[in-house]
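Trainee: Single-letter residue listing:
2 protein chains.
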Amino acid sequence: MGGDYAPANVVAGACEAILESAGRFHLVLVGPEDTIRAAVRDYGRQPGTSAPAPDAYSIAHAPEVIDMHDLPTAALKTKRKSSIGVGLHLQKDGHVQAFVSAGNTGAVLSAATLILGRIHGIGRPTIGALIPTAKAPCLLVDAGANVDCRPQHLLEFAIMGSIYVSAVRDLKKPRVGLLSIGEEDTKGNEASLAALKLLRKSDLNFVGNVEGRDILSGDIDVVVCDGFAGNILLKFGESIPSFLKTKFKAFAELSITNKVVGLMVRNALRKVMKDLDYQEHGGVPLLGVNGVAIIGHGKSTPRAIKNMVFRAEEMVLKAVNTNIQESLASINE
Amino acid sequence: MGGDYAPANVVAGACEAILESAGRFHLVLVGPEDTIRAAVRDYGRQPGTSAPAPDAYSIAHAPEVIDMHDLPTAALKTKRKSSIGVGLHLQKDGHVQAFVSAGNTGAVLSAATLILGRIHGIGRPTIGALIPTAKAPCLLVDAGANVDCRPQHLLEFAIMGSIYVSAVRDLKKPRVGLLSIGEEDTKGNEASLAALKLLRKSDLNFVGNVEGRDILSGDIDVVVCDGFAGNILLKFGESIPSFLKTKFKAFAELSITNKVVGLMVRNALRKVMKDLDYQEHGGVPLLGVNGVAIIGHGKSTPRAIKNMVFRAEEMVLKAVNTNIQESLASINE
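Top to bottom, those sequences are chains A and B.
Using my numbering, the letters of the first sequence map in sequence onto residues 9 to 341.
Using my numbering, the letters of the second sequence map in sequence onto residues 9 to 341.
If you're looking for bench data, these hints aren't it; they were derived computationally from the structure.
Don't take every hint at face value.
No copy labels: a pair is met if it fits in one copy or bridges any two.
[Stated by the list, open to error] Derived SDA-like pairs (lysine to any residue); straight-line CA-CA distance at most 25 Å:
#, residue 1, residue 2
1, 282, 340
2, 282, 52
3, 255, 271
4, 87, 101
5, 143, 252
6, 89, 178
Pulled out of the complex, with its shape left as it was, chain A reads as follows (with noise of 0.2 Å):
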């Protein structure tokens, strides 16, 4: 029942996933039972498409919804059968593996954190972000989870962010980088120039501070950064697009001569924009919690849904959160 298009693209979306993956995973929906069954049926009835066979997936009632106006924990408490305190529950009773929402993104890290607990040795649970570069996406950790970090927290990202990245575009050292103001080691704030120290005696594959301008480049896999900076990047990023559209737009006005340009670039401009897209990559993984989830936007395609599961499907079956159990506890010995 998450996200804005709850529950035609999540529930779209996961039949895609359903029908795709050909029987490699069970998929459980959460929801009001009703609502959900008659939206399978609707996804069905669209044309070229088919309703997934009855024993591909099975149906958690959950009659309440946490929207994006309620308070995180004051929801948790209130709405005790939330599509996302049900679908977490399953997860803590081991019916289900991984939990994918495309909902109220504080509410899904409270629960989370709540519910299924945090990895032992992590301080705080975190979640990442990807963003598109010149090379492949760059993930962003933390993304707006935490705002005020300790140096702790910050190498916890680090290390976290550094086996997801690991594990999904299968990197054996995937380049970490600290967000920071200048490459020496001497640059940074308070938090950030003790975090470095920590960075540097890790075993991790750092390459020290990097700067708000080595990022598009593509060159750092995994970016570290406390959820305040993190965040105000991340949404600076995904305003791009929109203020280019103006700025194109505004050439096309100038003359004929551009207006014809402008018919042009268009499709040249939708293809940039589509990679420019942060939502094509589909969903982020909370980090640091005893479980899987995977966070989605809340105006989620089918498409980006589709692909949060089989985002989830990976982080089970390459197990995450094992190894980054197995490294913070040699990092602790």
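Got chain A; can you put chain B on it based on the hints?
Mentor: Here is chain B on its own, set in the frame of chain A:
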């Protein structure tokens, strides 16, 4: 002598400012006398230009140069006859009313604070940066001078930024926003949450928290943040043009048709890139010191230098510093 293309670009920009202003001000060029004299001669020999009349400018001899690799405070002590030191002392002693440099930002900031002193009531002088938007450029303040800030510092940045923008853009009440991770008053980090309360009580045209996505729309005139987040954001923004070039190039290489479209789009792109070029806006103010100092990009073009001189003139004529001082006095009463 500041910047990557000194003295050529700096002298050329100064000469253009002298010629274009037609006697509105007298310029003092600070640097090794022979080098500067030769650069003025070189400028005058270029086709279509002529050296300015000898009485329109003078040269203050400063044989030493602080370069980008010098540590600011150390350099100020060891290189007492640098163009930065000599130039600022001319202002301190009342021989000039403003100082313009494309040199080492840290050195100019330290030297100006040390030599000119701070405006009474200002805890931390700040450097703002103009970010291109869909409308007029937005002043981001602080842009990297102060990484760890107390709430009071953020309030000071807001006041100084608002007065500066009001002067240079002839706006009665610039819209001031506090950079944060959500619009609600409950969103932010420790420092920003406390600063929000101070800003709500101020008589600025304060619109509340703004997010990373609110900058490029151009609906906010002054965006306040600490220098850590500000510098990261600024440098990320500066890297967008080359990222887009890479993306469009990749698009053009996909097919012959794309290549043709790519060629046609080149002009449109160049125009948009130019708007995105942070150097075009020429120089940022150092606010909070007892005097006028404009700092330019190390790669400043002659045009940028010329604009910096005009900006300095404007700050003097519009008594920006007097206004800052009066605003602070009224707050502290």
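Trainee: Please go over all the hints and tell whether each is borne out by the structure.
Mentor: Against the structure, the hints:
{"no.": "1", "hint": "282 with 340", "in the structure": "neither (43 Å within a copy, 51 Å between copies)"}
{"no.": "2", "hint": "282 with 52", "in the structure": "neither (28 Å within a copy, 50 Å between copies)"}
{"no.": "3", "hint": "255 with 271", "in the structure": "both (14 Å within a copy, 19 Å between copies)"}
{"no.": "4", "hint": "87 with 101", "in the structure": "within (19 Å within a copy, 70 Å between copies)"}
{"no.": "5", "hint": "143 with 252", "in the structure": "both (20 Å within a copy, 12 Å between copies)"}
{"no.": "6", "hint": "89 with 178", "in the structure": "neither (38 Å within a copy, 56 Å between copies)"}
Consistency with the previously given hints fails for numbers 1, 2, 6, ordered from lowest to highest.
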